[in-house]
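J.: Next come the chains, spelled out residue by residue.
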Amino acid sequence: MMSALLPDLLIQGAQMLVVLLLSPLLTGFVRKVKARLLRRQGPPLLQPYRDLLRLLRKEAVVAENASWLFRATPYMIFAATWVAAALVPTFATGLLFSWSADLIAIIALLGSARFFLALAGMDVGTSFGGIGSSREVMIATLAEPAMIMIVFILALIAGSTQLSTVAAFMQTPAVGLRVSLGMALFALLMVAIAENARIPVDNPATHLELTMVHEAMVLEYSGRHLAVIELAASLKLLLYLSLIGCVFVPWGLAPVGAGWATHILGGAAYVGKLFVGGFMLAVFETSIAKMRVFRVPDFLGAGLMLGLLGTLLLFVSRSL
Amino acid sequence: MSDIHALLLCVAALLATGPLAVALNRWPGATRLCYGATLLLTIAAAAIAAGRLFGDAATPLTITLPLGLPWLGALFRLDALSAFFLLVINLGAAAASLYGLGYGRHEHTPHRVLPFFPAFLAGMNLVTMADDAFCFLLSWEFMSLASWVLVMAHHRVDDNARAGYVYIVMASFGTMALLLAFGLLAGPEGGYAFAAMREATHAPWLAALVLILVLLGAGSKAGLAPLHAWLPLAHPAAPSHVSALMSGVMTKVAIYGFIRITFDLLGTPAWWWGVVVLIIGGVTAVLGVLYALMQNDLKRILAYSTIENIGFIFVGLGLALAFAANNMAGAAALALTAALFHVFNHTLFKSLLFFGAGAVLTATGERDMEKLGGLIHRMPMTALFVLVGCVAISALPPFNGFVSEWLTLQAILLSLGLPQWGLKIAVPAIGGLLALAATLAAACFVRLYGITFLGRPRTAIAAEARDVDLWSRAAMGILALLCLLAGILPGFVIDGLAPVTQYMVGARMPAQASVPWLSIVPIAESRSSYNGILVFIFITFSSLLAVAVIHRLASRAVRRAPAWDCGFPDASPALQYTAGSFGQPLRRVFGTMMFRAREEVEMPPPGDTSPARLQVSLRDVIWDTLYAPLANLVLFLAGHLNRLQFLTIRRYLGLVFFSLVSLLVVLALWS
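Chains A and B are the protein sequences, given in the same order.
Under numbering that gives the first Met the number 0, the letters of the first sequence match residues 0 to 319, in that order.
Under numbering that gives the first Met the number 0, the letters of the second sequence match residues 0 to 670, in that order.
Think of the hints as simulated: they come from the structure by calculation, not from any bench.
For each residue, glycine too, the CB sits at the ideal point set by N, CA and C.
Treat the hints with care, as some may be off.
Taking lysine to any residue pairs in the SDA-like style, the calculated list, with each CA pair at most 20 Å apart, reads [unchecked claim]: (1) B/Lys423 / A/Leu311; (2) A/Lys57 / B/Trp563; (3) A/Lys33 / A/Gln46; (4) A/Lys57 / B/Leu552; (5) B/Lys370 / B/Ala459; (6) A/Lys57 / B/Val546; (7) B/Lys370 / B/Ser571; (8) B/Lys423 / B/Trp270; (9) B/Lys423 / A/Leu308; (10) A/Lys57 / B/Ala328; (11) A/Lys31 / A/Lys57; (12) A/Lys57 / B/Arg558; (13) A/Lys57 / B/His550; (14) B/Lys423 / A/Phe298; (15) B/Lys423 / B/Ala328; (16) B/Lys423 / A/Leu319; (17) A/Lys57 / B/Ala560; (18) A/Lys57 / B/Val557; (19) B/Lys423 / A/Ser318; (20) A/Lys289 / A/Glu214; (21) B/Lys423 / A/Leu312; (22) B/Lys370 / B/Asp157; (23) B/Lys423 / A/Lys57; (24) A/Lys33 / A/Met15; (25) B/Lys423 / B/Ile279; (26) A/Lys289 / B/Leu625.
One side of the interface only, derived from the structure: several residues of chain B facing chain A at Cβ under 8 Å [what the hints assert, rightly or not]: (27) Val534; (28) Ser542; (29) Val557; (30) Pro561; (31) Gln575.
Make the full structure from the sequences, and use the hints.
T.: Have a look at this one:
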C-alpha cells in the first residue's frame, strides 16, 4: 500500500514545493519584463527572494491595538493559498490529493483567504485599512460570481468540476473550438487580473494611498507577517497562471502513472507556460492605464456577463 | 412506549412549563428552572428525533388523540421528514435554552418571556408532527401567536409595537393562505387528514392554485420576497435567544410546511413549479443580502441575512421540484439534500450569530454597529465564536455553509439534462444569482465583524464591555463546534438526510460514510468530490508549519508600536472606517437601482471652515411600491366603510335582507 502510494506522494510533495519556490521568481520575472519594457534596468530576477528573506529576518512591528486575528491572518492566508495552489495541476494531472477539493472548493479557499485579509485590514482601525477592505470586497462581489460562471462553463463542457478531469478532457479532440470556451477564457483573464490586484484594476507597485486596494489592506503589516502575505500574493498569481495553463493550454501535462521522463517534460512545459503567461501579463500591464475604482464594476460586470452568456449558450446547445 | 409517544410527552411537558413559569412568577429561580426544563426536554426530543432519523426512519409512526375535529380526532405522524425537522428544531431550541440560562437573567420583565418561550417551542414541535389540516393550522397559529407575544415582550421600546403589528397582520395573512390551500386540498368531501390528501388526485389547476397559496402562506412565514417585510422588523425586536429561534428555527418550520405540502400532499409536480420557486428563491437571496448590506443594526442585518438564506434553500427546493417533475430522481435527491443540509446549517450559524448579537447587546446595550468596535479585545470568546459563525455563513471552507452551497452548485450542474426551455434559461441565471448572493454575504459579514469586533472602540461603552456569562458562551461554543464538525464531516449529515429524500423524491444520494477518507462524492468521483476534513487538516498543518519554520529559522521578535497608517495616525476613533463608509462602494454599485441610493455632498465655499456634510438617502422600493399602496387602500376602504357603523336600525335590517338574498342567489346559481 505504502509503496504504491509513494510515487504519488512524491509528486504531490514536489508540486507543493515547486509552486512555493517558483512563485517569487514569477513575480520577479513580471517586474523585470515590465521594467525592461519601460526602458529601465529593473531589479534582478531573484530580488523577490531577497526581499522575502530580509523581511523574514526583521522583527515584526505590530500596532498597539492589533488583536490576535491580525497576527494569525498572514499564516491563514498563506496556508489557504498554498493548499489551493497545490491542488491545481501544474506539471502533472491526477495528483494524490486533487480529489479533496474541486475547482469550486479551490475558488472558495481563495475566498477564505480574502475574507481574513479584509478583516485584518480593519483590525487596527485605520482609515486606509478600511478603504482597502471595503474596495476589496466590492471587487470580490463581482469577481467571484464571474469565476463561478467560468467554473460552470468548464464543468458543463468537461462534465466534471474536478480540475484533473477537466485538464485531461481538454487534451482530447472532443473539445473542439467552442464559443463558450472563448468567453470563459476572456472572463477568466479579467477575473485573474482583478483577483491578483494587477493593472488596470489595482496597482501592485503603487505608493499613492488613495489608489491602493490590496496594498492598503496590508499597510500595517511588517517583517515576517508582510513576507508571508507577499508570498501568498505571489502564490495566487502563480495559481491563476497555472489554472489558465492547465485548462486552456493543457499540453505537456503528465498523466497519472507516467514515467519520470514525462514528468520532467511536463515540468519544462509548465515553466514555458509560466514564462509566456508572465510575459503577456507584463506587456498588458505596461500598455494600459489604471482605471478609476468605480470603473472596476463595469470591467468585472462584463466578465460576469461573459460567463453567464457562455453558460447560457451551453444550456442551449452542448456543442457551442 | 414508541418514539411518537415520547415526543408528544415532551411537547406536553413543554406546554406545562409555561403555566409553571406563571405560577412561580415571583420566585427568583424561575428563569433558571424554566430554561433548564426546556433545555432537558428539547435535548430529549432531539435525541429521539435523531434516533429515528438514523434508525428506522422508513416506517412512519402514527397516533390519533381524541382532540381536534370531532369526526377525525387529532392525527400525529412521525416520518423521516418530521424526524429531520424535529431534530433541527430541538437542536436550535436546546441551544437557545442553554443561552437563555445566562441571557435570561438580564431580562427586566421575565414574566413577559418565560411563559411563552416553552409554548413557542411546543408549537413548532407540534406543526412538524401534525397529520391533519386542523391540527397543522392550529399548531401553526399557536406558534405564530406565541412568537408574536415574544416579539412584543419589550413593547415599550421604540418601533417594537409597530413590528408586532406588521408581524401579526402578515402572520394572519399567511395562515389564511394556508387555510385556503388546505381547503382546496381537502376537496368538497372534507378529507382533512393528510393521508386522504395524499391519496386524492388533484387537478392541475387546483394543484397550481395550492402551490401559489402555499408560497404565500409558508413563504410569508419563511420570509420570501416580497412577503419578507415583517421579518426584519419582528425578528430583531424579540429578546436575542428568541430572535435566534425565530430566524434559525421558525423559518425552518415554514420550510417544513412548504415541503410537506408541495412534495408530499400535492402529488407529482409540474415542471413550471420549479421555475417559479427557483426565480422567487434566487431573487429573495440577492435582495435579502443587499438589504443586509445597507443596515447598521446588528440584529437587523442578521434578520435580512436570514431572508437571503431562505432564498438559497428555496433555490434548492425549486431545483428538486424541477428534477422530480422530469423523473430525474437522483438529481432531485441531490438538490433536496443540498436544501435540507442548508436548513440544518442555517439553524446552527444563524442561532450562533444571534447569540453573538445578544452578547454584544448585553455587554454594551448597543445594537448599532456605528457605536461599537474593538470588541475582540474585550469579549475574546464571543468574538471567536462569532467569527466562526461569520465564516460559516459566508460559505467558506472548511465550515458547513460551504458544503451546502457546493452541493447546490453541483445540483445546478446536473440541470443540463432538463428538457424544458423555461428551466434551461432559468437555471444558469439562478446559478449566477446564487454566486452573487454568496459573495455579497461574505462582504456583509466582513462588514459586520470588522466594524463590530475589530478596529477601535467608537464609544466609551464599547471600550468597557465585558464578556458574557458562561452559559451564553457555552451555547455559542457548542454551535461553533457543530458548524465546524458539519463542515469537515458532511458525509454523516448527508447520510442522515437519505431517508428524507428517499421518502420525498424516491431516491437518495449514494452512501457517503463508506467513501474512503470521508470525502463526499455526490455522483461519481470523476465528476466532483470534496473532502472537508483533509482541507481542514491541510490548512492547519501548513499554517502551523509556516509558523514553526519562520519562528525557528527566521525571527520571532515582535515590537508593539503606534499604528503606522501611512504616517498620519489619527487619534480619534471616529476617523476609522464606519459601517456606512465600508458599505459605500457596494451601495454605489448595487444600491443606486435597488434602493434609489443617493448621496449628496454639501461643501462649504472656499475659505469657510465649517464642516462638509454627506447625506445618504435610501428607499425601500418594495415597501414603497407594494406595501404602502396596499396600506393606503385598506385605510381608504376602511374610511368609507366606516359609515356603515352609523346607520339606522331600518337600514341595518335592509342590509341584512339584501345580504341574505344575494347569498341565496349565489347558492341557487351554484347548484
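J.: Decide, hint by hint, whether the structure agrees.
T.: Cross-check of the supplied hints:
Using a Cα cut-off of 20 Å, the hinted pair B/Lys423 and A/Leu311 holds, with the two alpha carbons roughly 8 Å apart. Among the hinted pairs, A/Lys57 with B/Trp563 is consistent with the structure: their alpha-carbon atoms are about 17 Å apart, no more than 20 Å. For the given pair, A/Lys33 sits about 14 Å from A/Gln46 by alpha-carbon distance, which is consistent with the 20 Å threshold. Of the pairs offered as hints, the one joining A/Lys57 and B/Leu552 holds, with about 12 Å between alpha carbons and a cut-off of 20 Å not exceeded.
A distance of roughly 9 Å separates the Cα atoms of B/Lys370 and B/Ala459; the hinted pair therefore holds under the 20 Å criterion. For the suggested pair A/Lys57 and B/Val546, the alpha carbons sit about 15 Å apart, so the restraint of at most 20 Å is met. A C-alpha spacing of about 13 Å is found between B/Lys370 and B/Ser571, which places the hinted pair at or below 20 Å, so the restraint holds. The suggested pairing of B/Lys423 with B/Trp270 holds, with an alpha-carbon distance near 11 Å, which does not exceed 20 Å.
For the given pair, B/Lys423 sits about 13 Å from A/Leu308 by alpha-carbon distance, which is consistent with the 20 Å threshold. With a CA separation close to 60 Å, the supplied pair A/Lys57 and B/Ala328 exceeds the 20 Å bound. The straight-line distance between the Cα atoms of A/Lys31 and A/Lys57 is roughly 25 Å, outside the 20 Å bound, and the hint therefore fails. Between A/Lys57 and B/Arg558 the CA atoms are separated by roughly 11 Å; this keeps the pair inside 20 Å, and the hint holds.
Under the criterion of a C-alpha separation no larger than 20 Å, the hint pairing A/Lys57 with B/His550 is consistent with the structure, at around 11 Å. With a C-alpha separation of about 27 Å, the suggested pair B/Lys423 and A/Phe298 falls outside the 20 Å cut-off, and the hint is violated. Distance check on the hinted pair: B/Lys423 and B/Ala328 sit about 18 Å apart at the alpha-carbon level, within 20 Å; holds. Of the supplied pair hints, the one linking B/Lys423 and A/Leu319 holds, its CA atoms being roughly 15 Å apart against a limit of 20 Å.
The hinted pair formed by A/Lys57 and B/Ala560 meets the criterion: a straight-line CA distance of about 15 Å does not exceed 20 Å. A distance of roughly 9 Å separates the Cα atoms of A/Lys57 and B/Val557; the hinted pair therefore holds under the 20 Å criterion. A threshold of 20 Å between alpha carbons decides the hint, and for B/Lys423 with A/Ser318 the separation of about 15 Å falls inside it, so the pair holds. In summary, the hint linking A/Lys289 to A/Glu214 is supported, as the alpha carbons are separated by about 15 Å, within the 20 Å threshold.
In summary, the hint linking B/Lys423 to A/Leu312 is supported, as the alpha carbons are separated by about 10 Å, within the 20 Å threshold. Proximity of B/Lys370 to B/Asp157 is assessed by CA-CA distance (about 18 Å); at most 20 Å being required, the pair is judged to hold. A threshold of 20 Å between alpha carbons decides the hint, and for B/Lys423 with A/Lys57 the separation of about 57 Å lies outside it, so the pair is violated. For the suggested pair A/Lys33 and A/Met15, the alpha carbons sit about 28 Å apart, so the restraint of at most 20 Å is broken.
Between B/Lys423 and B/Ile279 the alpha-carbon distance is near 16 Å, which keeps this suggested pair within the 20 Å criterion. Simply put, A/Lys289 and B/Leu625 have alpha-carbon atoms about 43 Å apart, too far for the 20 Å limit, and the pair is violated. Interface restraint check for B/Val534: the shortest CB-CB distance to chain A comes to about 6 Å, inside 8 Å, so the restraint holds. Interface restraint check for B/Ser542: the shortest CB-CB distance to chain A comes to about 4 Å, inside 8 Å, so the restraint holds.
Satisfaction of the interface hint for B/Val557 is found here, the shortest Cβ-Cβ separation to chain A being roughly 5 Å, below the 8 Å cut-off. About 6 Å separates the beta-carbon of B/Pro561 from the nearest beta-carbon of chain A, less than 8 Å, and the hint is met. Hint on B/Gln575 holds. Least Cβ distance to chain A is approximately 4 Å, under the 8 Å limit.
Hints 10, 11, 14, 23, 24, 26 from the earlier list are contradicted by this structure; the remaining hints agree with it.
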